[in-house]
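*Asks:* Below are the chains, spelled out letter by letter.
There are 2 protein chains.
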Amino acid sequence: MATSNQGGKPLILLTNDDGIAAPGLKALVEVARNYGEVLVVAPDSPQSGQGHAITITQPLRLHKVDMFGGIEAYECSGTPADCVKLAKHVLLKDKKADLCLSGINHGSNASINIIYSGTMSAAMEASLEGVNSIGFSLLDYSWDADFEPCKPFIAKIVSETLANGLPGCRLLNVNFPNKPEGGIKGIKVCRQADARWIEEFAEATDPRGEKYYWLTGKFINDDPREDTDVNALSNGYVSVVPSGHDLTIEKSLQPLAQRLES
Amino acid sequence: MATSNQGGKPLILLTNDDGIAAPGLKALVEVARNYGEVLVVAPDSPQSGQGHAITITQPLRLHKVDMFGGIEAYECSGTPADCVKLAKHVLLKDKKADLCLSGINHGSNASINIIYSGTMSAAMEASLEGVNSIGFSLLDYSWDADFEPCKPFIAKIVSETLANGLPGCRLLNVNFPNKPEGGIKGIKVCRQADARWIEEFAEATDPRGEKYYWLTGKFINDDPREDTDVNALSNGYVSVVPSGHDLTIEKSLQPLAQRLES
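Same order as they appear, the protein sequences are chains R and V. Counting in my numbering, the first sequence runs from 1 upward without gaps. Counting in my numbering, the second sequence runs from 1001 upward without gaps.
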């Protein structure tokens, strides 16, 4: 196993976007502590839907907390991506994490949700810093979601990644179907589905008589390909999408150059 | 030209992340109004670094403003992505914008900045809704930046896109070098550079005696490829990167399946 740590054990950075008190983070700590020395740096409040937001116009705070049975842990006043940056630059300094785990998110980050997700952005932030990173999400938005069925699959993915690295990428987007123990069929490595949200805004009037809007929506998958994350999940598999950060559309380069460079 | 609008003129949605009062947005309105009917929906305060954040735990507000010489305009209490969602669902309803323009951002969104950028996330949000979208950014962070040299290039890219659509993509990331009028050499269509931020946190103590951290950083391009946006910009060209939202790393699918699916 790769080790950056003087004790010889892998150093594993944990974060999330549901906040330091989220049960999903606790579940992830419970698995990760079997594989190395764990450092938790998580937002001090829920940060769902924060995407890859970073805090540049305000100061950030870090407070040490004791809530994971002896594991070193901090709550941070910023976004998930801020947590990863602060962990690297303020807490770890010249040590480098061997692995970053983010989650377990309460709710899906499959398909286009990767773009809106604080959980996945934290993992991506670590991957940009050269650290292999994995975001985990369960397709159950409730605070009381049952994370137990996820644990053997997290253990497998974490131990495999610590032993052999990631092939050709530095980031995995892992989602779990909402199934009871024994109900998950296995792991499928797949591509990001081209699914989308059909949104609406609930419109209402506040006690001061001012109109407001509240986002609501429905997730629609009209991607017909079989090898997508959304399809794997609806068939009862854990989806694993190797992910990056290069958004270039290769096939558009040449036709666009013909039109615009003249 | 494509038209969704009863008047027969293209309907162009404008937004940004520097806020409704930013000079860069005013400059973009000045160009866009020559090409169609313009609707402005922009954040009521600066939202730099907001990434693809969306507001799901709070209500959103929209207020009509009159600050662009007769152009219909609204300030919104949410993020740049929220602005685009509200424009579609609350203001446009069954009309569909023909084009979304975001910016002109005060500062670079080349390379990995696309991930952190509210400007680009607003444009991406519109592209996810099926609207051709272009984010514009000038490599000058100052409020008093001179946007005049950008205007002929914006005019060219907007008129070309309205006339012929975008080939194989729905989103362009356009950045302008910081050059005086006549100093820009032309347009280069290019790929997203694999550049990154080397960050630090300034550490200080507030008047209450509590420690805080403030993000600071330096942008480093160690991507040796010649056809990147960062390279085009440093050679004095406007960079245009056709961009998408599929983060899947194709080459990792098969080796990862071998390891994890067994």
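There could be a bad hint or two in this list.
Unchecked claim - With a Cα cut of at most 25 Å, we get these calculated PhoX-like pairs of lysine-lysine:
#1 Lys218/R / Lys1093/V
#2 Lys156/R / Lys93/R
#3 Lys1211/V / Lys96/R
#4 Lys64/R / Lys1251/V
#5 Lys1251/V / Lys211/R
#6 Lys1064/V / Lys211/R
#7 Lys1096/V / Lys218/R
#8 Lys156/R / Lys1251/V
#9 Lys218/R / Lys179/R
#10 Lys93/R / Lys1211/V
#11 Lys1096/V / Lys1156/V
#12 Lys93/R / Lys1218/V
#13 Lys211/R / Lys1211/V
#14 Lys26/R / Lys156/R
#15 Lys1009/V / Lys1095/V
#16 Lys1096/V / Lys1064/V
Unchecked claim - Footprint (simulated), chain R over chain V, 3 or more residues, beta carbon under 8 Å:
#17 1023-1033
#18 1045-1053
#19 1060-1072
#20 1096-1106
#21 1141-1149
#22 1152-1163
#23 1196-1207
Treat the hints as calculated values from the structure; they're not laboratory data. The structure presented is a predicted model; accordingly, all values stated were derived computationally and were not measured. Note that the Cβ used here is the ideal one computed from N, Cα and C, for glycine as well.
*Asks:* State for each hint whether it applies.
*Replies:* Quick rundown of the hints versus the structure:
Simply put, Lys218/R and Lys1093/V have alpha-carbon atoms about 17 Å apart, close enough for the 25 Å limit, and the pair holds. Under the criterion of a C-alpha separation no larger than 25 Å, the hint pairing Lys156/R with Lys93/R is inconsistent with the structure, at around 29 Å. Using a Cα cut-off of 25 Å, the hinted pair Lys1211/V and Lys96/R holds, with the two alpha carbons roughly 24 Å apart. Restraint check for Lys64/R and Lys1251/V: not satisfied, since their Cα atoms lie roughly 41 Å apart, outside the 25 Å limit.
With a C-alpha separation of about 49 Å, the suggested pairing of Lys1251/V with Lys211/R is violated against the 25 Å cut-off. With a CA separation close to 12 Å, the supplied pair Lys1064/V and Lys211/R stays within the 25 Å bound. A hinted pair counts as satisfied when its Cα atoms are at most 25 Å apart, and Lys1096/V with Lys218/R qualifies at roughly 19 Å. In summary, the hint linking Lys156/R to Lys1251/V is supported, as the alpha carbons are separated by about 21 Å, within the 25 Å threshold.
This hinted pair checks out: Lys218/R and Lys179/R have alpha carbons roughly 21 Å apart, not beyond 25 Å. Note on Lys93/R and Lys1211/V: the hinted pairing holds, with a Cα-Cα distance of about 17 Å set against a maximum of 25 Å. In summary, the hint linking Lys1096/V to Lys1156/V is supported, as the alpha carbons are separated by about 23 Å, within the 25 Å threshold. Simply put, Lys93/R and Lys1218/V have alpha-carbon atoms about 17 Å apart, close enough for the 25 Å limit, and the pair holds.
Between Lys211/R and Lys1211/V, the direct Cα distance comes to roughly 40 Å. Violation of the 25 Å bound is thereby established for this hinted pair. Our distance criterion of 25 Å between C-alpha atoms is met by Lys26/R and Lys156/R, whose separation comes to about 18 Å. At most 25 Å may separate the alpha-carbon atoms for a hinted pair to count; Lys1009/V and Lys1095/V meet this at roughly 13 Å. For the suggested pair Lys1096/V and Lys1064/V, the alpha carbons sit about 20 Å apart, so the restraint of at most 25 Å is met.
Requiring three or more residues with a Cβ within less than 8 Å of a Cβ of chain R, the coverage given for the segment 1023-1033 of chain V is violated, as only 0 such residues are present. Counting residues of the segment 1045-1053 of chain V whose C-beta lies closer than 8 Å to any C-beta of chain R gives 7; at least three are required, and the coverage claim holds. Counting residues of the segment 1060-1072 of chain V whose beta-carbon sits less than 8 Å from any beta-carbon of chain R gives 3, enough to reach three: the coverage restraint holds. Check on the segment 1096-1106 of chain V: 0 of its residues sit with their Cβ under 8 Å from a Cβ of chain R, so the three-residue criterion for coverage is violated.
Check result for the segment 1141-1149 of chain V against chain R: violated, 0 residues qualifying (beta carbon to beta carbon below 8 Å, three or more required). Check on the segment 1152-1163 of chain V: 3 of its residues sit with their Cβ under 8 Å from a Cβ of chain R, so the three-residue criterion for coverage holds. Using a Cβ-Cβ cut-off of 8 Å, 7 residues of the segment 1196-1207 of chain V lie near chain R, which meets the minimum of three, so the contact claim holds.
Going down the numbered hints, you'll see the structure goes against 2, 4, 5, 13, 17, 20, 21, while the others check out.
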